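**Q** Protein chains in written order, with my numbering: chain A, 1 to 290; chain B, 1001 to 1290; chain C, 2001 to 2290; chain D, 3001 to 3290.
Since the hints were derived computationally from the structure, they do not count as laboratory data. All of these numbers come straight from a predicted model, not from anything done at the bench.
Label pairs and their in silico Cβ distance ranges:
1. Gly85/A <-> Ser2032/C: 42 to 52 Å
2. Arg224/A <-> Gln3052/D: 50 to 60 Å
3. Glu3051/D <-> Leu1230/B: 51 to 61 Å
Even glycine gets a Cβ: it sits at the ideal position worked out from N, Cα and C.
Here's the letter readout for the chains.
4 protein chains.
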Amino acid sequence: MDIGFIGLGEMGSAMAGNALKAGHTVRVWNRSAGRTKALAEQGASIVDTPEQAFSGEAVFSMLADDAALRAVLIDGGLLKQAPKGLVHVNMATISAAFSAELTALHAQHGVAYVAAPVLGRPDVAAAGKLNILAAGASDAIDRVQPVFDAIGQKTWRVGDTPQHANVLKLAANFMLASAIETFGEAAALVSGHGIDAHAFLDIITSTLFPGPVYQGYGTMIAERRYEPALFKARLGLKDVRLAMAAADAVDTPLPVASLLRDNLIDAVAHGGGDKDFAVLGEVAARRAGR
Amino acid sequence: MDIGFIGLGEMGSAMAGNALKAGHTVRVWNRSAGRTKALAEQGASIVDTPEQAFSGEAVFSMLADDAALRAVLIDGGLLKQAPKGLVHVNMATISAAFSAELTALHAQHGVAYVAAPVLGRPDVAAAGKLNILAAGASDAIDRVQPVFDAIGQKTWRVGDTPQHANVLKLAANFMLASAIETFGEAAALVSGHGIDAHAFLDIITSTLFPGPVYQGYGTMIAERRYEPALFKARLGLKDVRLAMAAADAVDTPLPVASLLRDNLIDAVAHGGGDKDFAVLGEVAARRAGR
Amino acid sequence: MDIGFIGLGEMGSAMAGNALKAGHTVRVWNRSAGRTKALAEQGASIVDTPEQAFSGEAVFSMLADDAALRAVLIDGGLLKQAPKGLVHVNMATISAAFSAELTALHAQHGVAYVAAPVLGRPDVAAAGKLNILAAGASDAIDRVQPVFDAIGQKTWRVGDTPQHANVLKLAANFMLASAIETFGEAAALVSGHGIDAHAFLDIITSTLFPGPVYQGYGTMIAERRYEPALFKARLGLKDVRLAMAAADAVDTPLPVASLLRDNLIDAVAHGGGDKDFAVLGEVAARRAGR
Amino acid sequence: MDIGFIGLGEMGSAMAGNALKAGHTVRVWNRSAGRTKALAEQGASIVDTPEQAFSGEAVFSMLADDAALRAVLIDGGLLKQAPKGLVHVNMATISAAFSAELTALHAQHGVAYVAAPVLGRPDVAAAGKLNILAAGASDAIDRVQPVFDAIGQKTWRVGDTPQHANVLKLAANFMLASAIETFGEAAALVSGHGIDAHAFLDIITSTLFPGPVYQGYGTMIAERRYEPALFKARLGLKDVRLAMAAADAVDTPLPVASLLRDNLIDAVAHGGGDKDFAVLGEVAARRAGR
Chain A
1 MDIGFIGLGE MGSAMAGNAL KAGHTVRVWN RSAGRTKALA EQGASIVDTP EQAFSGEAVF
61 SMLADDAALR AVLIDGGLLK QAPKGLVHVN MATISAAFSA ELTALHAQHG VAYVAAPVLG
121 RPDVAAAGKL NILAAGASDA IDRVQPVFDA IGQKTWRVGD TPQHANVLKL AANFMLASAI
181 ETFGEAAALV SGHGIDAHAF LDIITSTLFP GPVYQGYGTM IAERRYEPAL FKARLGLKDV
241 RLAMAAADAV DTPLPVASLL RDNLIDAVAH GGGDKDFAVL GEVAARRAGR
Chain B
1001 MDIGFIGLGE MGSAMAGNAL KAGHTVRVWN RSAGRTKALA EQGASIVDTP EQAFSGEAVF
1061 SMLADDAALR AVLIDGGLLK QAPKGLVHVN MATISAAFSA ELTALHAQHG VAYVAAPVLG
1121 RPDVAAAGKL NILAAGASDA IDRVQPVFDA IGQKTWRVGD TPQHANVLKL AANFMLASAI
1181 ETFGEAAALV SGHGIDAHAF LDIITSTLFP GPVYQGYGTM IAERRYEPAL FKARLGLKDV
1241 RLAMAAADAV DTPLPVASLL RDNLIDAVAH GGGDKDFAVL GEVAARRAGR
Chain C
2001 MDIGFIGLGE MGSAMAGNAL KAGHTVRVWN RSAGRTKALA EQGASIVDTP EQAFSGEAVF
2061 SMLADDAALR AVLIDGGLLK QAPKGLVHVN MATISAAFSA ELTALHAQHG VAYVAAPVLG
2121 RPDVAAAGKL NILAAGASDA IDRVQPVFDA IGQKTWRVGD TPQHANVLKL AANFMLASAI
2181 ETFGEAAALV SGHGIDAHAF LDIITSTLFP GPVYQGYGTM IAERRYEPAL FKARLGLKDV
2241 RLAMAAADAV DTPLPVASLL RDNLIDAVAH GGGDKDFAVL GEVAARRAGR
Chain D
3001 MDIGFIGLGE MGSAMAGNAL KAGHTVRVWN RSAGRTKALA EQGASIVDTP EQAFSGEAVF
3061 SMLADDAALR AVLIDGGLLK QAPKGLVHVN MATISAAFSA ELTALHAQHG VAYVAAPVLG
3121 RPDVAAAGKL NILAAGASDA IDRVQPVFDA IGQKTWRVGD TPQHANVLKL AANFMLASAI
3181 ETFGEAAALV SGHGIDAHAF LDIITSTLFP GPVYQGYGTM IAERRYEPAL FKARLGLKDV
3241 RLAMAAADAV DTPLPVASLL RDNLIDAVAH GGGDKDFAVL GEVAARRAGR
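With the hints as extra help, turn the sequences into a complete structure.
**A** Listed below in structure tokens is the structure:
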């Protein structure tokens, strides 16, 4: 396919790279030069304006947050000048409300809008093993499926209402955050009793909670080592806030999320914003005076 | 081995049955006649007093809670008259503090004390697939290992301080409760947006959270079906309270546990005490007015 | 003074009325005709456009929220065309962040900006007994003090940084919400034990907690009567959210606010959004199954 | 009256002193010699055994907690040997459950039992200005009213079910704790914005929250000065736990209490157990990294 790619952070550049490897033609644009050089070496054509990237058969965006996307897409006029019939696939984790707003705006400008946030951190993106949660018009998703196949290990089609994909992504991240928090508290409890947190981790990951989440974050907490960050606490906090906003929209109390928010703020207030999400475990330990 | 077994609820009778199947000689005693008949048919000898069961090479107990064990073991004088050198294996989920008290009392009476709470519900117990968390004197555990092998799929030796096994069990159940609560909240969030909770469950169990816990409890929540109870909310609440008590002992805040306690009380107040632990999901839905 | 008044809800019209009574010349504008008639009878001149009200010596605004003020003031171009040297006194409860943004914007347009949110409900406003928290340039506050004297019983000058007044107002409302919540929980506790909540209320308001807040909200809770609403739960939720946003800005966990937010959402989800703020007590009772 | 007094901590000795001043005959007993000397100088007769104090027309007890009272009253056999017709007035803050147990036990031994916990710290006790919450048989309370009049400024008769007085006392202390916590959080919020917490305190105590509670605890928090302790955080935590236990008994969620418990544990874990209850404000500040 002939695609554009906007937003080349760690996640975006890994995705664009995998699209290139799969033989797609990729025009990339990024606000800062940053990672464009490496992609150029992989065969991407670097374009000077977002408009040049926002063209072809489809354009993928992976910007930091609502504000960044709004700046370039709406305030910057990108959407207004887009060629009719283009498919815009937004893979970033944005708010459900903004995703709904984008759905209406794209329809207005004759551009197909697909929300396709992903599960997986940069290492998973680099390996092309992301899980993609895609929602939007079925035919639009069909058209970009070849790129999804290059980027992810599986595409979960979750209906034709784009923001549903965003809600699902936020709900998943909320569960992730809760698992980290809970292991952190449990680790503080067992180590308070003089039990090695690794022993506890070994038991629970071998019995109740298999899989990489508890194993990975649990190990960081048991070792009290939060750097290098695979996923920053600051970003985790952003996602918890978005989950709370999505809950606000449907009058749903989310008490675990509220607690996560406060604890992540505690982490940030103690200099942990750029540490790994697992730093929630450090909050639990600190509150116990350890 | 020649063993006694005290406490024949669903868990206890399944364990005793597996010990019998493995060829051990088992004397069983229960306050009420209840399940003794079935065990007698399997070859157990039914004894009339707890003293007759509290003899042989080792005795296993699986009573409901601290109070039940205290009543028969201490107030009832069972421990005082126990033959020296006997090994008492307490498999029930009791408080860490009582376990520590029992450690001292057993030492005083020349009885070896092993704390060996288990992970697994009655169906797992029936299949002989429990995970046993055992702590106490190494040689005492060695002696009862043949029975553990009949009862469980694996024995986790977690040191020589008996209450450590109890703390680990409580920490594990706390994590279980949090996973249920969090999925319940997430399900309320996604279904509030008109997304089928089954679809969400399918995604997260295929990606972040494999394994039977999220799958099993998640299905009950997605179906909003909380009966028959595999593990009652009332018992889950008991365990959360014990985890909080264990945290009290080492000055460790456990905010997720606090929240679980309140929500489980909410469940009980709405008639859910005898429903499955998954009923936490119903609390989340009810709070959202659904 | 010659003043304009924008936003004539229950609060705004009571304030404007008191300004009239004190002899000030008042031009009023409201989006809907609503309460303008009564004010006209009191001597106000009704103007057709917000621009006509946004003139004279000072203009007071009391709009519903950030969005309403942004719509008329910024998007509607009101600020741009304002006469240089005008003082704009914003008495509404808006976010601290928006207040900071307004400070910069007003400076840019040569308009003095005073943030002056108030403590007190409509009945207090009608009586001219509000407490006014005013922040901004000292000379600007001096100029509008005669109007403050007509509207409130006391003006608290809280410095020259306008958003400080907003933060203080939000912190006060947060404390109010917590007092209601806590009495609601305590009432559920004592009535669960068969004790009349009125008896409890009588004791605490005569000892620890004198003053109208506990008395007023406590009586509604003890009577389980939440209508008519003196201050709607929906507005209380808005303010709690603004307090949380203000806390976000300075990385401050606010766990009681988090809990209030969830309980107010619970209230709204059960049809209580337009009931009195005291409906938090009903959430506490409902969660206890009563 | 001819009365006995058991338990001479700061509160107890102040009460006994006021009974003496009012002309009552007081026999005092304390486990340690401690404060008996000062009371002897005031005219009390010091007795060697609790039995000698547990006699006369009425006996008042003010021991530290359930365990201390249980040890002397039940385990020590004091109640069994008590003269029939004696009135026992227990003024300590004990659990509602133990108070109910004591009601039954006293009835069994022909001793009248009055639960009469008090509102007020040692300075208030010394001034004879306590508020006494009294429950029990009306004629028993009538008989001891002259002593209550010497000890307190007012006796609140709250019915004939003794534990109701305990529930009310716990509910009041719970509200107190929440007021402190909430002001602590609000102070962290405003000071995060660079606003002096004293200014905030001045506003709210002059408007929404008059009275000594907010003023007293608020000043300590605004000054971040938590010593000397007028009421220790450790004791506050004890009372919050008792409130939670009382809520457990009637299946009532008490989420604010849960949060207070965690924050008080945090305080204790950071060496604040013997600091003033106001140290909750320090937890809020610390969590914000200040």
